[in-house]
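Trainee: So the chains spell out like this:
There are 2 protein chains.
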Amino acid sequence: MTFTALYDCTLRDGMQGEGMSLSAEEKLRVAHRLDELGIDLIEAGFPSSNPKELELFELLAAERFSNACIAAFGMTRRRGMRADEDPALQVLADCFAPVCTLVGKTWGLHLEKVVKVSREENLAMIGESIGFIVAAGKRALYDAEHFFDGFNDDRSYALACLRAAAQAGAETVICCDTNGGTLPDRVASVMAEVVSELGPTGVRVGIHCHDDAGCAVANTLVAVAAGATHVQGTINGYGERCGNANLVPVIANLQLKLGHECLSEAQLATLTDTAHYLDELLNFTPDPDQPYVGRNAFAHKGGMHVAGVAADPATFEHVDPSLVGNRRELLVSELSGKGTVIERAREAGIALDDGAASRVIERVKALEHQGYHFEAADGSFELLLRKETGDYEPLFRLEHWRVIVEMGHLGHVETEATIKLWVDGERYVRTAEGNGPVHALDRALRDAIGDLYPHLADIQLENFKVRLIDEHSGTAAITRVLLDASDGDDVWGSIGVSENVIEASWEALVDSLEYGMQAGRRTAPESAAGSGAAGSGTAGS
Amino acid sequence: MTFTALYDCTLRDGMQGEGMSLSAEEKLRVAHRLDELGIDLIEAGFPSSNPKELELFELLAAERFSNACIAAFGMTRRRGMRADEDPALQVLADCFAPVCTLVGKTWGLHLEKVVKVSREENLAMIGESIGFIVAAGKRALYDAEHFFDGFNDDRSYALACLRAAAQAGAETVICCDTNGGTLPDRVASVMAEVVSELGPTGVRVGIHCHDDAGCAVANTLVAVAAGATHVQGTINGYGERCGNANLVPVIANLQLKLGHECLSEAQLATLTDTAHYLDELLNFTPDPDQPYVGRNAFAHKGGMHVAGVAADPATFEHVDPSLVGNRRELLVSELSGKGTVIERAREAGIALDDGAASRVIERVKALEHQGYHFEAADGSFELLLRKETGDYEPLFRLEHWRVIVEMGHLGHVETEATIKLWVDGERYVRTAEGNGPVHALDRALRDAIGDLYPHLADIQLENFKVRLIDEHSGTAAITRVLLDASDGDDVWGSIGVSENVIEASWEALVDSLEYGMQAGRRTAPESAAGSGAAGSGTAGS
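Those sequence lines, one after another, are chains A and B. Straight run, no breaks: the first sequence in our numbering ends on number 688. Straight run, no breaks: the second sequence in our numbering ends on number 688.
Treat the hints with care, since some could be wrong.
One side only, chain A facing chain B, incomplete, derived with CB under 7 Å [stated by the list, open to error]:
hint, residue
1, Glu165
2, Lys263
3, Cys389
4, Asp436
5, Met554
6, Asn610
7, Lys612
8, Ile649
If you are wondering where the hints come from, they were derived from the structure by calculation, not from laboratory data. Virtual Cβ for every residue (Gly too), placed ideally from N, Cα, C.
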């Protein structure tokens with residue numbers, strides 16, 4: 148059993164991908180998910196390339212991680228300058244991160260055409276920069292950019308670059324296929340040579356692939372077979388062009404097929420959730436066909452497949468889906484989910500018998516068919532459980548709402564929402580303005596029922612995401628709205644689905660507030676539930 | 148230079164994928180595209196599994212293909228029956244297709260648990276069925292299902308299955324990794340043994356992979372390196388679970404990197420168009436990150452990349468994109484410099500001097516600070532360029548719009564948009580209903596100006612994404628809307644940013660249509676531009 152270090156580049160190299168955008172606070176959430184998954188090294192970026200990165204490093208410095216180390220990323224020193232005079236290297240030396248990864252050149256073509264640095268000066272840049280970082284008390288990693296192209300061009304110079312880093316004290320040197328065009332046979336043979344040449348220095352050898360030839364996962368695996376013990380990649384293969392090596396199948400393959408112990412069994416079982424969590428945060432539709440974690444990855448259709456799997460899952464499944472936290476999809480009976488539902492109910496403090504669990508599964512199936520998706524909507528799912536057990540009180544009975552948005556010729560937009568609803572036989576009519584339709588609806592609703600349910604004031608809407616489900620019908624397609632809300636202690640998600648984005652938003656908004664009030668009722672009976680019981684009749688009771 | 152036969156399974160195995168649906172007539176169009184691409188063998192399905200397949204074979208029988216042969220697909224004979232008594236084999240023998248592919252078992256587990264056939268009987272089924280097809284004057288291929296699992300379980304029996312087919316006259320025997328879980332090192336070693344064992348029989352050896360471990364492309368390539376001379380796969384990797392081996396990168400890698408001449412240069416240059424054509428026909432959004440043919444496959448952002456590519460494309464590109472019919476994309480973001488902007492303008496046919504380029508960069512920076520993000524909004528970016536150079540005509544002058552969405556107590560939602568605008572001194576007022584606010588606005592707008600700009604009818608909105616930018620302010624935060632639109636030939640993105648989701652959507656919608664009409668004006672000056680110049684009197688001419 149070999150130890151293979153897992154190095155995640157999602158927060159740095161992954162962010163080069165099209166449409167990748169995360170706030171510093173969201174990156175912090177990603178770092179914690181990666182830590183929980185069992186990633187060893189999390190590349191967080193350069194500590195001062197812009198204010199957002201600076202904020203991230205300030206946030207990270209205050210956090211504790213149980214498994215992962217944070218790696219700061221930078222470049223070798225500028226040419227014609229001492230390492231200790233380079234302000235960027237000084238930033239790395241001063242930052243809290245215990246690990247620093249420096250990227251540098253290995254390929255003559257780049258030295259000549261891009262950076263215009265001599266080969267000798269480049270070797271000095273590598274060695275002195277790594278030495279400076281090591282002297283600052285850090286673990287230093289060297290990313291050898293364009294390594295495979297450099298090796299093809301001039302084998303001994305490419306190896307000399309790695310050796311310069313190793314001799315200066317780098318813990319790991321990483322062979323990067325930066326342009327992503329190298330094929331598995333070549334990666335295997337080059338890596339075998341690197342491992343054999345660098346072996347005597349005691350340095351660890353790593354691999355960093357891109358998917359431009361569709362072989363990034365395979366290239367990473369054959370590099371490990373050739374002796375690499377450090378793999379870099381991103382969750383879901385995010386990254387520029389065709390993406391980085393996708394760590395999701397890399398980890399699953401290493402662990403389940405090649406005998407490497409990267410994660411604990413419990414951590415491996417969170418792989419599917421982690422992959423989907425990242426997609427949700429980035430507002431990407433999870434790839435249903437993604438190896439191991441996609442919704443279709445273990446889907447069986449056709450009688451023979453279903454019968455075969457029933458006789459012995461090995462007939463049609465290359466691994467047991469539960470090992471990676473995924474599940475088999477059979478187009479017949481759906482008994483597999485009941486355990487999960489009962490477990491989820493137990494966590495929420497809801498007693499769910501076997502019959503109710505079956506009804507919940509039927510209901511979830513029907514709703515998922517309409518486009519609902521409860522993975523990121525725990526609040527809506529808990530409400531669904533409560534509706535099934537009778538342990539649910541609506542906050543109000545809706546009569547009507549209306550939203551008007553209009554833009555005049557001066558470009559000024561006005562938004563107004565009117566709401567008519569009933570609580571305990573009392574009718575409430577309220578109109579409110581807002582920055583947008585959901586904001587206006589939220590304000591009108593709170594204006595109507597805020598006094599009846601004081602805990603509502605603690606509930607903030609934190610995030611709002613909209614996506615088309617059927618991407619083929621343009622603006623007439625089904626819209627899915629995901630809302631995150633928080634009461635300061637807890638964060639929960641809710642979902643709404645409709646052809647109409649406002650209706651879907653309204654549905655998610657109501658779920659969000661109703662779920663939040665459930666919590667409020669539990670934790671603060673003297674406020675919301677109490678006032679309801681004592682107040683306008685039996686409101687809220 | 149080795150000849151490698153390309154066998155496309157899109158119309159049979161590919162159709163097992165989720166959401167795959169084509170009429171017989173559409174399948175015929177696919178077959179012609181595959182033929183033009185230079186595919187050698189097109190698997191069309193079983194000639195009578197249902198009326199649609201029957202219709203397809205009738206259509207195919209009447210067609211001429213310049214390069215490809217049609218292969219009919221079926222199974223080995225039923226157990227305990229003579230091959231010439233099996234009605235399904237008779238159908239294959241009678242159909243017009245010159246090639247028949249028979250799938251059969253190789254793995255003891257399946258013989259025992261799924262089909263309940265003895266090992267001896269299975270060998271007889273293979274040999275007799277292939278013999279029957281050959282005697283009917285066809286070229287016979289044998290698909291050895293679950294070959295790698297069978298080989299792991301019982302090497303000599305798995306080889307005996309292949310030998311039975313070869314001895315009965317099969318032209319090619321195909322090793323199928325049906326469950327998709329085999330990794331490249333194993334595929335390489337098994338294939339080398341198969342080629343060496345089967346070599347003396349003179350049979351051609353093929354490979355058929357699935358992507359359950361994320362290695363289908365690599366597995367196909369290493370099999371070829373080990374001596375396989377027939378590769379199976381589907382365009383864009385369509386197929387059940389995680390998909391089949393994606394023929395697109397397989398072909399590009401074989402031809403551009405491994406020295407196999409599969410296609411002519413001209414055919415290879417249609418690879419991108421062919422891949423997108425299939426996606427369009429199947430109503431899938433082309434994967435922007437797909438190796439070789441994706442919109443991002445040769446996209447560069449960041450000053451150093453752009454400068455490097457300008458100095459020598461080999462610095463940052465593994466192959467020349469034009470070889471596969473793709474093109475370089477320079478992405479515009481805060482990081483990009485003047486060179487990117489000038490190059491992008493040049494591509495769009497806009498003359499941009501140095502001063503204008505600087506103004507564009509300032510404008511992009513200011514807009515990105517507000518939350519715009521032009522990477523995925525090439526349409527909006529080109530409009531911004533045109534506005535800077537004066538090469539821009541708005542489609543209309545807006546006076547006012549208004550959206551009303553209301554929900555009654557029966558849960559029925561109604562949406563209505565009213566729009567007031569001016570074109571050439573003429574005022575247009577239109578109201579339309581829609582499934583949602585953007586749909587209603589889109590319909591009202593098209594109702595108002597559709598006759599003036601007939602090309603608008605070709606423009607479809609394809610995708611719509613909304614996300615909050617500052618996620619701490621909940622429903623009052625800034626909303627970013629990204630819209631993708633297409634006119635059948637081209638796909639472009641546009642963006643809108645506002646506190647108000649409807650306003651942001653409106654902005655993206657207008658950009659989307661204005662960009663689409665720029666193309667329309669260029670290609671059809673007699674319609675839209677002509678009518679605009681001559682006034683609303685010539686509307687629709």
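Trainee: With reference to the structure, classify each hint as holding or not holding.
Mentor: Each hint, compared with the structure:
Of the supplied interface hints, the one on Glu165/A holds, with its beta-carbon coming within about 5 Å of a beta-carbon of chain B, less than 7 Å. At a threshold of 7 Å, the smallest CB-CB gap from Lys263/A to chain B is about 10 Å, leaving the interface hint violated. A least Cβ separation of about 5 Å between Cys389/A and chain B falls short of the 7 Å threshold, and the interface hint therefore holds. For Asp436/A, the suggested interface contact is upheld, since its CB lies about 5 Å from the closest CB of chain B, less than 7 Å.
For the restraint placing Met554/A at the interface with chain B, the shortest Cβ-Cβ distance is roughly 5 Å, inside the 7 Å limit, so the hint holds. Interface restraint check: Asn610/A against chain B, minimum CB-CB distance 5 Å, threshold 7 Å, status holds. The criterion of a C-beta within 7 Å of any C-beta in chain B is met by Lys612/A, whose closest approach is roughly 6 Å, and the hint holds. The criterion of a C-beta within 7 Å of any C-beta in chain B is met by Ile649/A, whose closest approach is roughly 4 Å, and the hint holds.
The structure shown violates just one earlier hint, number 2.
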